[in-house]
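Protein chains: 2
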Amino acid sequence: MSSKLLIKDAAIVTMNQNQEVIESGNLLIEDDLIKTISRQPLQEDSDTTVIPGEGKVVMPGLINLHNHAAMSLFRSYADDYPLMEWLQKKIFPAEAKLTEEDVYWGTSLAVMEMLRGGTTTFVDMYYFMEQTARACEEGGIRAFLSQVFIGLDGGEGVKALQNAISFVENWQDQAGGRIKTILGPHAPYTCPPDFLKKVLEDTEHLNTLIHMHLSESRQEVEESLKVHNKTPVALMNELGMFERPVLAAHCVHLTDEDIEILSSKQVGISHNPGSNLKLGNGIAPLKKLLDRNARIGLGTDGAASNNNLDMFEEIMLAALLQKGINEEPTYIKSSDAFSLATSKAAEALQMENLGVLKEKAKADIAILDFNKPHLQPHNDPIANIVYSASSQDVETVIVDGKIVYNQGEFTTLDEERIYYEANRCAKRLRE
Amino acid sequence: MSSKLLIKDAAIVTMNQNQEVIESGNLLIEDDLIKTISRQPLQEDSDTTVIPGEGKVVMPGLINLHNHAAMSLFRSYADDYPLMEWLQKKIFPAEAKLTEEDVYWGTSLAVMEMLRGGTTTFVDMYYFMEQTARACEEGGIRAFLSQVFIGLDGGEGVKALQNAISFVENWQDQAGGRIKTILGPHAPYTCPPDFLKKVLEDTEHLNTLIHMHLSESRQEVEESLKVHNKTPVALMNELGMFERPVLAAHCVHLTDEDIEILSSKQVGISHNPGSNLKLGNGIAPLKKLLDRNARIGLGTDGAASNNNLDMFEEIMLAALLQKGINEEPTYIKSSDAFSLATSKAAEALQMENLGVLKEKAKADIAILDFNKPHLQPHNDPIANIVYSASSQDVETVIVDGKIVYNQGEFTTLDEERIYYEANRCAKRLRE
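From first to last, the protein sequence lines stand for chains A and B.
In terms of numbering that gives the first Met the number 0, the numbers along the first sequence are unbroken and rise by one, the last being 430.
In terms of numbering that gives the first Met the number 0, the numbers along the second sequence are unbroken and rise by one, the last being 430.
Keep in mind that the hints were calculated from the coordinates and are not lab data.
A portion of the hints provided could be inaccurate.
As the list makes no split between identical chains, a pair holds if one copy fits it or if it spans any two.
[Unchecked claim] List time: in silico DSSO-like cross-link candidates among lysine-lysine, alpha-carbon distance up to 27 Å:
no., residue 1, residue 2
1, Lys332, Lys88
2, Lys3, Lys229
3, Lys332, Lys89
4, Lys359, Lys3
5, Lys359, Lys7
6, Lys401, Lys229
7, Lys55, Lys426
8, Lys426, Lys332
9, Lys332, Lys264
10, Lys7, Lys426
11, Lys286, Lys88
12, Lys89, Lys286
All of these numbers come straight from a predicted model, not from anything done at the bench.
Starting from the given sequences, assemble the full structure and let the hints guide the process.
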């Protein structure tokens, strides 16, 4: 028997091609899919669960294109450090102690935070990825997961690549299809050209998305120019990386030629404005990328460098930063900013049934309560979402047609247990 | 009989001179003042109201140095417009219809939003200021209020100045001292030098704080250089403005000489990063100002140009923007960023008994609930406040020793009524 959920009499922000907003409508979910969206009343059967939507705003669940979920254990553990000191004196020593258990509890905490904030899909890259997958399977979130690998140590790199391939094969389409596996070569500066050639050869049969860091810091680009006489983007292009579907994280320091390559090759880009500011990397040329129709969406990066997984914050930062640095308040319009966490993010993942409320799309949905002082009066719901709302205005979250969070309660996760275990793990890692 | 409030077993972020954080302590309030802060248990009398503080973080109430509170009616009413079109086609025509009633309900909505978000003191500049004062008196917030005036129309300017002076005299120290009145000449570009000279002469006896917009847009500075051959800051200095206590809003476009003047004259500055980005004005040189020991704190500006009154967002933006644009993650440290909304903001107002938790300071306090996924694990409470928290993590707010907000309930304001009236007023103004 199919399961039915009906959201009644709510404002519906569809993010469909016309960015249509229905002032008062009804949305019917059957199993994992959106069955109908209508301004007219919809039939309720005796087995239909009804969610009253008056005063509420229904929107697509948010998509977070770049995360290291388990790093939530390192939230507020080491801030305001120079980048290399942060990595070498704080993060790497703590990560050296990481166990499977840490990744499981750290990811569980992150999944809880993301669901609480209306994020229904995320992309991850980290160690012990089976544990991340387990936490996602249990938590009920949709995820694109990569076991990270680097290729600096010859044999070690090849072994890590094999592990990553095994992960891709073992976990693809698990958890009822909620888990997709992808490949995670860390970055051009940790994966030399010969190693990346091998990666491309050995994984050709998988034809899966490749997720990597790209042109994050000024130093990375300068080193690449020194060693390879090419920017990281030009180098990846030359290696044939962009003949495969790629999701590149950061892309902060780009030449006009880089922008041309990324756009024409339809490379997916995760713009991570919060992390880029906080780690002192700068501000990516988002407006230029959008003008060239780049496939770009938003990500938080890990909580150690953000320090939260709040996609509402990233949406606001994406819009405000481009207005501010270009001294032009018309850059970027609120609906375009919101698309970066919904419809355009889905494009970057090449998943047209995500990030949009339309018939036959996946039922990944966040419902916001607008009865809050900072969301009144009722002027423009998309502007309210982009410029005024926060993750904590989310009241109900549905993934794959199932309610996973509702009014303070998680249906899949044990909140107190996760706080306890995450604190226990974090304490050991700090010591 | 005195009223006593005791917060027990909470983490206490004092923001005193040593920026001391007490991991678990007790804070006793007697009437409007903090009586004792101690790591040891404090005596409870039969008439002491006890607030359990386990898992909670107690911090000074936030200070918002620049607002036009009633503009909350224009939240999300007109976004992503060019600055002049925004003002001339949207904001000015709507403001032309403003009545006393609009300002009362708009301010009530803003007061509710600010209290909900842990802001206990704000600075305002707008029309019909008696209505703002009334809303503040009833809402229980602390406020520094100025009836704005401009001096472009000769006689009209003089009349407006007289009204502003009457407001200062009538409302000074009302609401049990919670309301302080200040003077609000709008800006150098709307108040010509001769008019400002008259303002200084006619108000010398008041010796009250002067609040004005200053060097907000690039255009404003360019015009000033063209007309007066001086930057707005240099012009104000020449007029003798800075011999009086001044709180200048924005200060985005500054020369090194401007920074020197503002610092040496100890001019209070409201840094408003959210508004400055959103309206496309740019990013103020906060790091340079702090390096010169400027008296600087944070403000939201009105909700029409932000679009909320969330000081947590401004704190985060202040820290992140300086790291990002200077490509230096050590600018600005979390405790320094937090001081901009607490102790340093109080300095800018020349009120040493605000923005800090210490004996004999005003009992203006926000209590945060850290039992949230985005605030776990327990690493660094100040970093959590600055980089992870949002206004909605505030659970309890105390102003002048009285609980004004607690776990979803306002003790002074009628939430539903305010939403209803604010929507009614906003609808009329939009039409």
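Results of checking the hints against the structure:
1. When the C-alpha separation of Lys332 and Lys88 is checked against a cutoff of 27 Å, the pair qualifies only between copies, where the shortest distance is 18 Å, while the shortest distance within a copy is 41 Å.
2. In this assembly of identical chains, the alpha carbons of Lys3 and Lys229 never lie at most 27 Å apart, being 54 Å within a copy and 68 Å across copies at closest.
3. When the C-alpha separation of Lys332 and Lys89 is checked against a cutoff of 27 Å, the pair qualifies only between copies, where the shortest distance is 17 Å, while the shortest distance within a copy is 39 Å.
4. When the C-alpha separation of Lys359 and Lys3 is checked against a cutoff of 27 Å, the pair qualifies only within one copy, where the shortest distance is 14 Å, while the shortest distance between copies is 59 Å.
5. Taking the shortest Cα distances, Lys359 and Lys7 sit within 27 Å of each other inside one copy (18 Å), while across copies they are farther apart (53 Å).
6. Taking the closest pair of Cα atoms, Lys401 and Lys229 never come within 27 Å of each other, the shortest separation being 48 Å inside a single copy and 63 Å across copies.
7. With identical chains, the CA atoms of Lys55 and Lys426 are at most 27 Å apart between copies only, with a shortest distance of 19 Å across copies and 40 Å within one.
8. Proximity of Lys426 and Lys332 under a CA criterion of 27 Å is satisfied inter-copy only: 23 Å between copies versus 43 Å inside one chain copy.
9. For a Cα distance limit of 27 Å, the shortest separation of Lys332 from Lys264 inside one copy, 25 Å, qualifies, whereas the shortest one across copies, 40 Å, does not.
10. In this assembly of identical chains, the alpha carbons of Lys7 and Lys426 lie at most 27 Å apart only when taken from different copies (25 Å versus 45 Å within one copy).
11. Proximity of Lys286 to Lys88 under the C-alpha cut-off of 27 Å is restricted to the inter-copy arrangement: shortest distance 26 Å between copies versus 36 Å within a copy.
12. For the homomeric pair Lys89 and Lys286, the shortest alpha-carbon distance between copies (25 Å) is at most 27 Å, but the shortest distance inside one copy (34 Å) is not.
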